[in-house]
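As given, the protein sequences belong to chains V and U, one line each in that order. Per this note's numbering, the first sequence starts with residue 1, numbered consecutively. Per this note's numbering, the second sequence starts with residue 1, numbered consecutively.
Among the clues, some could well be false.
Put simply, identical chains are the same to the list, so a pair is met inside one copy or across any two.
To be verified - Okay, derived cross-link-like pairs now, DSSO-like style, lysine-lysine, Cα gap no bigger than 27 Å in a straight line:
#  : residue 1 : residue 2
1  : LYS175    : LYS426
2  : LYS415    : LYS175
3  : LYS415    : LYS52
4  : LYS8      : LYS175
5  : LYS225    : LYS184
6  : LYS120    : LYS379
7  : LYS185    : LYS175
8  : LYS8      : LYS185
9  : LYS185    : LYS95
10 : LYS90     : LYS426
Keep in mind that the hints were calculated from the coordinates and are not lab data. Everything numeric in this text was worked out from a predicted model, so none of it was measured.
There are 2 protein chains.
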Amino acid sequence: MSQLNPIKVGLLGFGVVGSGTWNVLTRNAEEIARRAGRQIEIVRIATRTTSKATAVVGNAVPVSDDMLSVVNDPNVEVVVELIGGTTLAKELVLKAIENGKHVVTANKALLAVHGNEIFKAASERQVTVAFEAAVAGGIPIIKAMREGLTANRIQWLAGIINGTTNFILTEMREKGLSFAEVLKKAQQLGYAEADPTFDVEGVDAAHKLTLLASIAFGIPVQFDKVYVEGISRLAPEDVVAAGRLGYRIKLLGLAIRRDSGIELRVHPCLVPNSKLIASVEGPMNAVVVKGDAVGETLYYGAGAGSEPTASAVVADLVDVTRLLTADPEHRVPPLAFQANALADYPILPIEEVTSSYYLRLHVEDRPGVMAEIATILAKGNISINSMIQDPETNGASIIFLIHQAREGNVLEAIKQIERLSFVQSKVTMIRLEELS
Amino acid sequence: MSQLNPIKVGLLGFGVVGSGTWNVLTRNAEEIARRAGRQIEIVRIATRTTSKATAVVGNAVPVSDDMLSVVNDPNVEVVVELIGGTTLAKELVLKAIENGKHVVTANKALLAVHGNEIFKAASERQVTVAFEAAVAGGIPIIKAMREGLTANRIQWLAGIINGTTNFILTEMREKGLSFAEVLKKAQQLGYAEADPTFDVEGVDAAHKLTLLASIAFGIPVQFDKVYVEGISRLAPEDVVAAGRLGYRIKLLGLAIRRDSGIELRVHPCLVPNSKLIASVEGPMNAVVVKGDAVGETLYYGAGAGSEPTASAVVADLVDVTRLLTADPEHRVPPLAFQANALADYPILPIEEVTSSYYLRLHVEDRPGVMAEIATILAKGNISINSMIQDPETNGASIIFLIHQAREGNVLEAIKQIERLSFVQSKVTMIRLEELS
Numbered sequence: 001m002s003q004l005n006p007i008k009v010g011l012l013g014f015g016v017v018g019s020g021t022w023n024v025l026t027r028n029a030e031e032i033a034r035r036a037g038r039q040i041e042i043v044r045i046a047t048r049t050t051s052k053a054t055a056v057v058g059n060a061v062p063v064s065d066d067m068l069s070v071v072n073d074p075n076v077e078v079v080v081e082l083i084g085g086t087t088l089a090k091e092l093v094l095k096a097i098e099n100g101k102h103v104v105t106a107n108k109a110l111l112a113v114h115g116n117e118i119f120k121a122a123s124e125r126q127v128t129v130a131f132e133a134a135v136a137g138g139i140p141i142i143k144a145m146r147e148g149l150t151a152n153r154i155q156w157l158a159g160i161i162n163g164t165t166n167f168i169l170t171e172m173r174e175k176g177l178s179f180a181e182v183l184k185k186a187q188q189l190g191y192a193e194a195d196p197t198f199d200v201e202g203v204d205a206a207h208k209l210t211l212l213a214s215i216a217f218g219i220p221v222q223f224d225k226v227y228v229e230g231i232s233r234l235a236p237e238d239v240v241a242a243g244r245l246g247y248r249i250k251l252l253g254l255a256i257r258r259d260s261g262i263e264l265r266v267h268p269c270l271v272p273n274s275k276l277i278a279s280v281e282g283p284m285n286a287v288v289v290k291g292d293a294v295g296e297t298l299y300y301g302a303g304a305g306s307e308p309t310a311s312a313v314v315a316d317l318v319d320v321t322r323l324l325t326a327d328p329e330h331r332v333p334p335l336a337f338q339a340n341a342l343a344d345y346p347i348l349p350i351e352e353v354t355s356s357y358y359l360r361l362h363v364e365d366r367p368g369v370m371a372e373i374a375t376i377l378a379k380g381n382i383s384i385n386s387m388i389q390d391p392e393t394n395g396a397s398i399i400f401l402i403h404q405a406r407e408g409n410v411l412e413a414i415k416q417i418e419r420l421s422f423v424q425s426k427v428t429m430i431r432l433e434e435l436s
Numbered sequence: 001m002s003q004l005n006p007i008k009v010g011l012l013g014f015g016v017v018g019s020g021t022w023n024v025l026t027r028n029a030e031e032i033a034r035r036a037g038r039q040i041e042i043v044r045i046a047t048r049t050t051s052k053a054t055a056v057v058g059n060a061v062p063v064s065d066d067m068l069s070v071v072n073d074p075n076v077e078v079v080v081e082l083i084g085g086t087t088l089a090k091e092l093v094l095k096a097i098e099n100g101k102h103v104v105t106a107n108k109a110l111l112a113v114h115g116n117e118i119f120k121a122a123s124e125r126q127v128t129v130a131f132e133a134a135v136a137g138g139i140p141i142i143k144a145m146r147e148g149l150t151a152n153r154i155q156w157l158a159g160i161i162n163g164t165t166n167f168i169l170t171e172m173r174e175k176g177l178s179f180a181e182v183l184k185k186a187q188q189l190g191y192a193e194a195d196p197t198f199d200v201e202g203v204d205a206a207h208k209l210t211l212l213a214s215i216a217f218g219i220p221v222q223f224d225k226v227y228v229e230g231i232s233r234l235a236p237e238d239v240v241a242a243g244r245l246g247y248r249i250k251l252l253g254l255a256i257r258r259d260s261g262i263e264l265r266v267h268p269c270l271v272p273n274s275k276l277i278a279s280v281e282g283p284m285n286a287v288v289v290k291g292d293a294v295g296e297t298l299y300y301g302a303g304a305g306s307e308p309t310a311s312a313v314v315a316d317l318v319d320v321t322r323l324l325t326a327d328p329e330h331r332v333p334p335l336a337f338q339a340n341a342l343a344d345y346p347i348l349p350i351e352e353v354t355s356s357y358y359l360r361l362h363v364e365d366r367p368g369v370m371a372e373i374a375t376i377l378a379k380g381n382i383s384i385n386s387m388i389q390d391p392e393t394n395g396a397s398i399i400f401l402i403h404q405a406r407e408g409n410v411l412e413a414i415k416q417i418e419r420l421s422f423v424q425s426k427v428t429m430i431r432l433e434e435l436s
């Protein structure tokens, strides 16, 4: 498609997110290039244990344990930092910037603590530091706030931005267990680390809140001024009492603009059941942003994990690619994909659609009714998931739930059913989607 | 701040969204310039009834009823099309493009029907056509899909993308009313037009789905291939039956990738209560996008209205501004606001924070207890919203809900309460946020 050279990426770290980034870039290479207008190519990898990386990438890309060699490679245009921590990572990121390379990072701790210094260096060298993956995994919340809500004076934001604690709170509520009991389970499932302090005491959420607040209000990062309280002291009886009062307890990151200044706080919080964010359960994340023009918007998705986080890393890489490609034709295209890369997939007629279905019909209540209907459905290759007789109509109203059938078959079956003598009305058909 | 000239905008249409755009750009001018790096200035307005616009903008900007004069003004860099319809709007947008101007539009019908022609013209003239406001009002869903999810092969998307029909369905369910009854109410409240056909028969949702699907899969816009079915024939008994089975009925726009092609359909649909999108009620919109890397993400907010839609129009204007400002320093800055425009708002210490509170304490059950506690709270200027004795503890456990108090006062009151002889434990304090 594109005649331009690939963008050359150096990858630091090949753990959960690093390997996810490799997998996504490899698997979706064609789709990503159709959007970015150029290939995105990992040309070097550095990681502490090279054997793991080599097992995945084979000989396709040189793998080394020398991080600096990647950052100093004149061939590398973008450095992706996925090693975590705030010492070596800081050194490498600053060196990459000094060498004029753009940086993509998922490192919230690094930016929450050293962000002002790093952003200043990047500004002076006129390179980008992108960090969508640092907050709420694959949810494009940084982009939404930085670009999508630019019209607004942001009044407040509230986020469930730590999946471990949200999983623990969900389990405490649903199963009536104590914090300690659920923590043990979360550790077994891999939702909590062996040393869970950073998550359960709210430090990780505070790192993310620091970044969100800076973007919301246009203030420097100030991690040391965030009030932080975790969930380890929450008693099950408060979880129960909150439920009786119409609330759920969530660990929220809150950034609120007041006349006198900005509130930055992470702590457990009662949230009314009626708010959508109260229904965000398990390890999922969500952020509500209140702007003066747009009102409340909410962004929801997986806040961690290999490929969800990689999704954000790669989105940043595409942003940088579009930026580096001066040709206006390769900026963000109106239909997301480059104009010369649109596909001609056929749009299926409704008869060829696959869906689940809800069918309701009125019948005379006599023997054999079900057998005849079931036979018609079976002939159409339509399997019944469940059948419910409406108790309020003495069995005369029957509902079928049908899972995953070809619509053409369902329409034909309905026609035949409506011809049966004991069927007393048209069949009501409504499609059903499990969305999973 | 910035020494650059303002970006000069010509506005076509001064109805609900046009006036909202003026209001937001005027009210938030300083905040927007801190983000965009330049002022954004409306320099000309054209509208059919000029008197309404003049009443708002006064002499600040020339107002005319000659739309072409705006599109042909060499001074105008960006044309914002907010007149709607597909004939005059098409002519004006194509003329603006021909004149080398960037275009921002909220016109879903125009793009769903004539998008391919318009995008081609824009590509040839190397100008931008931005349309965040055309889908789901102020929710930055176009940006999320076009830029935030670029790593993903999109598998499907499902959207509540018409507020009128979602309001009607919510009322039918909550109040057990018929479609016709609720429609009348929606018309009185201004949630439905006098002629509601476009909304209730699914046409508006189909326009938006057309655009979302193009961006999701990289296919041309193909409005004529969308299967469309509205909500006017939905019976209240199906709404009730769906509820009993654990589902809600929503009008969904669905775009699904199958091996054989793409499904594009708008119709009423049963959705499991357990999915977050089932809880999207009233006139609100939400879109779920399923990507192969990120999994499901959801975007929620107001899908229509003056300032929510203006929020998206202005976001597009900021995008164009950042694009036109070649200086790399004025591209999207890492912290959303230009580096030289960060503010030094103070971060408030926790004692100065304002919140609502949940307090739980154990007391001896004897007369005077409540009076003493209430006196301490009153002295701290803390008003009790409600007091609940836990029935399972024979009244020994008391919960207070306290609304909006200064945290310092609450902490001081707790100290005093814990000193009372009849208080038998530490006070459990959890903050409570109504998020409204």
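Each hint, compared with the structure:
no., hint, result
1, LYS175 to LYS426, "between (45 Å within a copy, 26 Å between copies)"
2, LYS415 to LYS175, "neither (47 Å within a copy, 33 Å between copies)"
3, LYS415 to LYS52, "neither (59 Å within a copy, 55 Å between copies)"
4, LYS8 to LYS175, "neither (49 Å within a copy, 59 Å between copies)"
5, LYS225 to LYS184, "neither (31 Å within a copy, 52 Å between copies)"
6, LYS120 to LYS379, "neither (69 Å within a copy, 48 Å between copies)"
7, LYS185 to LYS175, "within (12 Å within a copy, 42 Å between copies)"
8, LYS8 to LYS185, "neither (42 Å within a copy, 59 Å between copies)"
9, LYS185 to LYS95, "neither (41 Å within a copy, 63 Å between copies)"
10, LYS90 to LYS426, "neither (69 Å within a copy, 43 Å between copies)"
Checked against the numbered hints above, the structure breaks hints 2, 3, 4, 5, 6, 8, 9, 10 and satisfies the rest.
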